[in-house]
Amino acid sequence: DTAVSQTPKYLVTQMGNDKSIKCEQNLGHDTMYWYKQDSKKFLKIMFSYNNKELIINETVPNRFSPKSPDKAHLNLHINSLELGDSAVYFCASSQGSSYNSPLHFGNGTRLTVT
Amino acid sequence: GNSVTQMEGPVTLSEEAFLTINCTYTATGYPSLFWYVQYPGEGLQLLLKATKADDKGSNKGFEATYRKETTSFHLEKGSVQVSDSAVYFCALSERSNTGKLIFGQGTTLQVKP
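Residue numbers (the working numbering), protein chains in the order written: chain A, 1219 to 1332; chain B, 234 to 346.
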């Protein structure tokens, strides 16, 4: 009955590879997000989709491409992985995108680039 | 730009001690304020929120009051338990239709028996 689920939980890969992280929510929410948490636990938003439409695209390299096939899914594809991409990536969702809408987070995907 | 600053951790307390984690913010307008908690190996969970000045958010014995005059949203709990050991994040949401949260750097709390 997991509300926001991400796969895989751990991802270890080499520089230059392309990888994807999948996210699904069963809360019926219409807004989904990707956040990046660095080694010092600092969290920063990367992308946000509302009803499959991109509404936030922070200063993220073009190698990162989100895809939302429907309201319940938001996947993250990363091309040409670099060492600096190593982090924990969190998917989240909310009902609406207003300032009052609390976010529900997945358990994270720990990406290690070697 | 908008930002959130939390007290540096880690914070180490004995069980039943009083907890305060300081949080101050810089924002234009009137943001909503949140505290999230992250237990080891898990995602963030909403702990409490306040949407306007003088509002008090509370949950599971934790409280925080939205102080506009001091731009603060300090987290308090009267008696911590070992199970409260986690990382606590203060966050603000700008008054826009993006849902974007700006987080503080997180404060690690360790409670010893």
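Bear in mind the hints are in silico, worked out from the structure with no lab data behind them.
Certain hints may be false.
Once the Cα atoms are required to be at most 27 angstroms apart in a straight line, the calculated DSS-like pairs of lysine-lysine come out as [stated by the list, open to error]:
#: 1; chain 1: A; residue 1: K1237; chain 2: A; residue 2: K1262
#: 2; chain 1: A; residue 1: K1258; chain 2: B; residue 2: K285
#: 3; chain 1: A; residue 1: K1289; chain 2: B; residue 2: K333
Sample of chain B residues facing chain A (criterion: CB under 7 angstroms; computed from the structure) [what the hints assert, rightly or not]:
#: 4; residue: S265
#: 5; residue: G276
#: 6; residue: L277
#: 7; residue: T284
#: 8; residue: A286
#: 9; residue: D287
#: 10; residue: R300
#: 11; residue: S326
#: 12; residue: R328
#: 13; residue: T331
#: 14; residue: G332
#: 15; residue: F336
#: 16; residue: Q338
#: 17; residue: L342
Note that the Cβ used here is the ideal one computed from N, Cα and C, for glycine as well.
Quick check: which numbered hints come out false for this structure?
-> 2, 8, 9, 10 and 17
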